[in-house]
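2 protein chains.
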Amino acid sequence: MKTGVIGLGAMGAPMARNLHRAGCLERVWNRSPEKASCLSSELGVRIADSPADLAAACELVLLSLSADDDLLQVMQALQPGLHCGMVVVDTSTVSRETAIRAAALAQPAEFLDAPVSGGTEGARLGTLVMMVGGEAAVIERIAPVLSVVAGRVEHMGPHGAGQATKAVNQVMAAGINQAVTEALAFATALQLPLDKIIEVAGGGAAGNWFLAHRGATMTQGQFDPGFRVALHHKDLAICKQMAAQFDVALPLVEMTLIHYRRLMEAGFADEDISALFREKRRLFDNNGDHPKKS
Amino acid sequence: MKTGVIGLGAMGAPMARNLHRAGCLERVWNRSPEKASCLSSELGVRIADSPADLAAACELVLLSLSADDDLLQVMQALQPGLHCGMVVVDTSTVSRETAIRAAALAQPAEFLDAPVSGGTEGARLGTLVMMVGGEAAVIERIAPVLSVVAGRVEHMGPHGAGQATKAVNQVMAAGINQAVTEALAFATALQLPLDKIIEVAGGGAAGNWFLAHRGATMTQGQFDPGFRVALHHKDLAICKQMAAQFDVALPLVEMTLIHYRRLMEAGFADEDISALFREKRRLFDNNGDHPKKS
Chain L
138 MKTGVIGLGA MGAPMARNLH RAGCLERVWN RSPEKASCLS SELGVRIADS PADLAAACEL
198 VLLSLSADDD LLQVMQALQP GLHCGMVVVD TSTVSRETAI RAAALAQPAE FLDAPVSGGT
258 EGARLGTLVM MVGGEAAVIE RIAPVLSVVA GRVEHMGPHG AGQATKAVNQ VMAAGINQAV
318 TEALAFATAL QLPLDKIIEV AGGGAAGNWF LAHRGATMTQ GQFDPGFRVA LHHKDLAICK
378 QMAAQFDVAL PLVEMTLIHY RRLMEAGFAD EDISALFREK RRLFDNNGDH PKKS
Chain F
138 MKTGVIGLGA MGAPMARNLH RAGCLERVWN RSPEKASCLS SELGVRIADS PADLAAACEL
198 VLLSLSADDD LLQVMQALQP GLHCGMVVVD TSTVSRETAI RAAALAQPAE FLDAPVSGGT
258 EGARLGTLVM MVGGEAAVIE RIAPVLSVVA GRVEHMGPHG AGQATKAVNQ VMAAGINQAV
318 TEALAFATAL QLPLDKIIEV AGGGAAGNWF LAHRGATMTQ GQFDPGFRVA LHHKDLAICK
378 QMAAQFDVAL PLVEMTLIHY RRLMEAGFAD EDISALFREK RRLFDNNGDH PKKS
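Going down the list, the protein sequences come from chains L and F. Per my numbering, the very first residue in the first sequence carries number 138; after that it's consecutive. Per my numbering, the very first residue in the second sequence carries number 138; after that it's consecutive.
Worth flagging that the hints you see were computed from the coordinates, not collected in a lab. A couple of the hints might just be wrong.
Identical copies go unnamed one by one, so any copy, or any two together, can satisfy a pair.
[Unchecked claim] Listed next, the in silico DSSO-like pairs over lysine-lysine satisfying Cα-Cα at most 30 Å (straight line): (1) Lys333 to Lys377; (2) Lys139 to Lys172; (3) Lys172 to Lys371.
Remember, it's a predicted structure, so these values are computed and weren't measured experimentally.
Assemble the whole structure, with the sequences as input and the hints as a guide.
What follows is the structure in structure tokens.
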């Protein structure tokens, strides 16, 4: 199945590489042309002249973009090339409403909102978890291609259900980040042996992936991503907007947006989300602002 | 090693049964005598006339009590019977300061603060995780007895370090409860298939024990304990007090205390802590108070 990839960033590029390895990468396109050139020289794959040109040459278009507006712009640009029987799969994280609008713009092509979790490592290894909104028959039809980029593909409901699932996941991830960083900052203040804390807490009812994978690094002051603060902030802004449609402010979402904004203002936007540990430690320092990143 | 158990509640009774099975249960005592009578008839173990009588007859005293004041009262009552070379092990959850005071009151006996996690099931199976403050040599000396009640014994530091560790664990557990219940309430409002949400979120970076073990039950409206709201509330009040000594209010602790108090006022004190799902669902109901428990 001839596949094109639009958006060759930290997630899109490794997905494109896996599709190339599987023999189905037909075209690539990227808004800033340098990334497309790089990947084109690396893989020997053709760069499309435009999104519409890419769509015209492919049976499946995979999108990996940053924000809601980017997706809607790309959908507009794709339109002249879209044709019956082809499928547009959007792996970006956007709002449920934007996914529903994108699905309408995709006609006469089929559309799936298919945000992923598993980060850049999952993208590289092809083990992403994909949460899909759209028609089951469409997912089934392109399953062989999806299985190249994702270790698990879960159909969650109609258009928008994939994005809604991702939003739920990001709310949970925010809360767990709050839980682990607050507890470990408290443990630090109490001068407890942090390695043992991570083991003991991890072995019981408070056990979680984030503690096991980020506990040691955060307490050693290492915040390499992982999942960047700025990206989780963007996702939580989407969650806030989705909750606002129910007239609801979700406490963990509101709180984490404030904490992440403070981190971003202090220069930590590109650190792993476990940098929230800095905020929690600061509670115990009683010394006002973050020292700016040097 | 002749062992006595004081406090024969939901945790103390199964610990006493395991000690009896291991052949080292010498005496029991309980403030309300009925519980002691029951266990005495069940196991054929002798009821001590008083805590001091129990201490005089034993080399090791294991305590399983409810609150800080209970512990200090029992330590006073034990004193006439305490003697050199014996050890008092307190498995209750109290503040670090109370543990340090109890250690002083235990002299000339040795003292360990040894709160546990793993709940009533862990107590029954003898698989509790025990977080211990005190001297390593003392732990080593009584290790064979501790291994009867706990699957894992971790030495965390001097007197009080066991309780400090438990406090850190309870903060993390509170945050994870917040994370899972807020996310699943959001998923419910979004009308997503909750079984798939639990699977998808559980398989990624937001994965955690609580979601895996309480996700399905809470979304089906089942809140059998598990770990009771009133007990976690008590533990978090201790955490709040411990954080206040640093002039710090921990956000998740403050928030969860408020939520749990609301649940307790609505009659849900004896439900599992996953009953926090009720609070989060209520955000989306926009209908004011909880319906009182019928």
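Hint check, failures only
Nothing - there is no hint that the structure violates, so all of them hold.
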